[in-house]
Amino acid sequence: MVYKPKKGNRWYDNHPDIYNSIEMLRELPPPLQRIVAQGVISFVMDNTLLGTPDELKSFGHHRVLGLIQSKAKRRWYDKDPILHKAINNILLMPDEARTESAFRLVISLESVEAYKEYCIQNGTLCDPEEVELIVSDIFGQDYEELTETVAQAGDNRSDIFLKRVINEEVADSSQVLDEDSGMKLSANMLNQADS
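First residue of the sequence shown: 95, per the working numbering; consecutive thereafter.
Careful: at least some of the hints might be erroneous.
[To be verified] No more than 20 Å apart at the CA atoms, straight line, and that leaves these computed lysine to aspartate or glutamate pairs for EDC-like:
| id | residue 1 | residue 2 |
| --- | --- | --- |
| 1 | LYS257 | ASP231 |
| 2 | LYS179 | ASP111 |
| 3 | LYS179 | GLU226 |
| 4 | LYS257 | GLU223 |
| 5 | LYS179 | ASP107 |
| 6 | LYS167 | GLU117 |
| 7 | LYS257 | GLU242 |
[Claimed, not checked] Using C-beta positions, here's what the derived DEER-type ranges look like:
| id | residue 1 | residue 2 | range |
| --- | --- | --- | --- |
| 8 | ASN141 | THR243 | 16 to 22 Å |
| 9 | ASN216 | PRO175 | 29 to 35 Å |
| 10 | ARG258 | ASP107 | 29 to 35 Å |
| 11 | ASP249 | MET139 | 28 to 34 Å |
| 12 | LYS167 | GLY248 | 37 to 43 Å |
| 13 | PRO110 | GLU239 | 21 to 27 Å |
| 14 | ASN216 | ASN108 | 22 to 28 Å |
| 15 | ARG169 | SER136 | 18 to 24 Å |
| 16 | THR243 | LYS173 | 21 to 27 Å |
| 17 | ARG258 | ARG169 | 19 to 25 Å |
If you are wondering where the hints come from, they were derived from the structure by calculation, not from laboratory data. All residues carry an ideal CB built from backbone N, CA and C; glycine is no exception.
Construct the entire structure; sequences and hints are all you get.
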């Protein structure tokens with residue numbers, strides 16, 4: 095799904111890929127949001143992508159304001175510490191790294207959504223380990239290789255990573271555990287979270 099950025103004051107409103115990835119992340123159930131957010135955090139830490147102090151000086155009005163406002167924790171993603179850290183990590187990246195991360199995040203979210211739909215259609219439960227595999231596969235690939243793979247796949251780009259998981263799928267699917275409630279979510283509950 096593609097979201098149209100609003101004309102607003104948020105730091106990501108003028109960056110369609112970042113805007114789309116944040117809106118797509120919002121649509122996932124919280125346990126899956128956290129897995130994807132952890133993928134972003136790991137990617138940033140593994141690649142030391144946060145801006146230098148000199149880069150932060152020329153940060154720009156919207157990004158500085160976004161960072162300051164994140165402390166108030168008013169935005170939907172600020173309430174969860176993992177989501178808060180992931181989105182703020184994207185905010186703190188230099189422009190080129192942010193563009194690459196947004197691309198990886200969009201592909202990850204499309205692939206996780208395809209996996210979630212696959213589970214619902216087959217009456218199985220989403221396995222957090224499978225979601226982690228999808229996300230780590232995308233964030234772990236060389237950027238040029240990833241963009242080439244995605245370009246070759248065209249409209250079926252989310253299926254590339256889903257096929258890898260399905261081919262490696264274990265017969266026993268586990269449930270997604272919502273850490274906040276301690277509740278295990280079934281495919282039906284995941285489907286209801288979209289409503």
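(request) Take the C-alpha atoms of LYS257 and GLU242, compute the straight-line distance between them, and say whether it is at most 20 Å. (result) holds, 17 Å
(message) If I claimed the Cβ atoms of ARG258 and ARG169 lie 19 to 25 Å apart, would that claim hold in this structure?
(response) Given about 33 Å between the Cβ atoms, the range is violated.
(request) Could you see if the CB distance from PRO110 to GLU239 stays within 21 to 27 Å? (result) holds, 24 Å
(request) Take the C-beta atom of ARG258 and the C-beta atom of ASP107, compute their distance, and say whether it sits inside 29 to 35 Å. (result) The hint (29 to 35 Å, Cβ to Cβ) holds, given that ARG258 and ASP107 are roughly 34 Å apart.
(request) Could you grab the alpha-carbon distance between LYS179 and ASP111 and see if it respects the 20 Å cut-off? (result) With Cα atoms ~19 Å apart, LYS179 and ASP111 stay inside 20 Å; holds.
(message) Against the 20 Å threshold, does the CA-CA distance of LYS167 and GLU117 hold or violate the hint?
(response) Since the Cα atoms of LYS167 and GLU117 sit roughly 17 Å apart, the hinted pair holds (cutoff 20 Å).
(message) Run the distance test for LYS257 versus GLU223: straight-line Cα separation, threshold 20 Å.
(response) This hinted pair holds, its Cα atoms lying about 15 Å apart.
(request) Take a look at whether the Cβ-Cβ distance between THR243 and LYS173 falls inside 21 to 27 Å. (result) Since THR243 and LYS173 have Cβ atoms about 35 Å apart, the given range 21 to 27 Å is violated.
(request) Could you tell me whether the CB distance from ASN216 to PRO175 stays inside 29 to 35 Å? (result) Holds, at about 33 Å.
(request) For the pair supplied as a hint, LYS179 and ASP107, confirm whether the alpha-carbon distance does not exceed 20 Å. (result) OK: LYS179 and ASP107 at ~19 Å, within 20 Å.
(message) Between the beta carbons of ASN141 and THR243, is the distance compatible with 16 to 22 Å?
(response) Taking Cβ atoms as reference, ASN141 and THR243 lie about 19 Å apart, which means the hint holds.
(request) Determine whether the Cβ-Cβ distance between LYS167 and GLY248 falls within the hinted range of 37 to 43 Å. (result) Holds: the Cβ-Cβ distance is about 40 Å, inside 37 to 43 Å.
Hint violations for this structure: numbers 14, 16, 17, all remaining hints satisfied.
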